[in-house]
Amino acid sequence: MAKPGFKRLVLAYTLGAAAALTLFALNARPATAATFCESECGSPTPSPSPTYSPSPTPGASPSPSPSPSPSPSPSPSQAPSPTPTPTGSDSSGNSVNGLANQRFNQMITNRVLGTVLLGVNEQVNCSDCISAFGSAGSFSAGIHGRKELTPNLSLLAGIAYTQYSEGGYHITSAPIGAFALRYDFTDWGSSRPFFDVGTILTPWEKARYTRSYNTSLGPVSVTSSTDASNYAVFGRAGWISRLSSRDEVAAYIEVWQLWQRVSGYADNTVAFNPFDATIATGTDRTSLVKIGGQWTHLFAGNIETNINGGWVQSFASHSGIVATVTGDGMVVPTMGNQGWFEYGGRLGFRVQKGWVVDLFANGTLGPQPVGNTIHGGVGLRINY
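According to mature numbering (1 follows the signal peptide of the UniProt record, and there is no 0), the residues represented by the sequence shown are -33 to -1, 1 to 351, in order.
Calculated from the structure, these hints are not laboratory results.
Note that this is a predicted model, so its numbers are computed, not measured.
Think about it this way: if two alpha-carbon atoms lie no more than 30 Å apart in a straight line, the pair counts; the simulated DSS-like pairs of lysine-lysine are:
(1) Lys114 to Lys257
(2) Lys320 to Lys114
(3) Lys173 to Lys257
Based on the sequences and whatever the hints tell you, model everything.
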């Protein structure tokens, strides 16, 4: 019975010795193995009993321990993007030339409307008369007529209220007055010379001018209001021929001097106008020479016709604009010489003795800034 007990004792001792050897082998791993595992696997998983830390192999860099990631700080509110700075000051400066063209056209249109008051669509020599009229295209309403002062000398005069616009400008509340003296050498016979001297006056008018230009952020259009006035003087020398009791023809040459005074103003306030302008008070002026002619004919004793026209050439033109433009400084436009054709006509119906209903038209044909225009109307003329 004692023998089996001895065997159990030997077996227990053998198992204990094996366990002790196993533990010793595990604790005695080479340092290189530990280093290799750390370098390949990151931070080692701590062993249940970390009783021994092997020193690193000389020459080997220890693996850096990962630094903790900083907690993200709240980002500040994003600043708004700055508005881009527009460009286009040169275009704004060039737009002042457009204002000069508008004002030149204004001088010419005012003169064309004024010549209606001086009988431009009527024959050179006729009896005393007075006419009330109205016209469209450019609105105009007024009266004009002629009065024989002596057998050779006649007075032509008229007054009208007008409104007109063309190419970016608009004129309102513009009264026009005109008068002239005509000397007709009637004692020379049916073919003879004649002379006119006269003036056209528009002492006050309301004006609106539009200035347009482009910027990198879009187009700009500004309309501004101011006051203006127009004055003109002229002389005419011509030759008239009474071909028959129904026909009269005439040829002539005219010389004109025109002035236009415009009060200073600044751009009206608009939502977007980065390159605004200020226009100083100034006077535009130009001189004109016109070579023209006309023909008046009576059909069937009760239908009167008149056609007239001529070539006009400007010279010594001057713009009174002196503009101060933001980003472009002082701008003074130049005004070149212009040439254009002027035309007119009248169709009159003698409704009864001394009473004539007239349909008439006047206008211009040519390049800008004068351009192609037409002003038509109707009148009632009384001869006495």
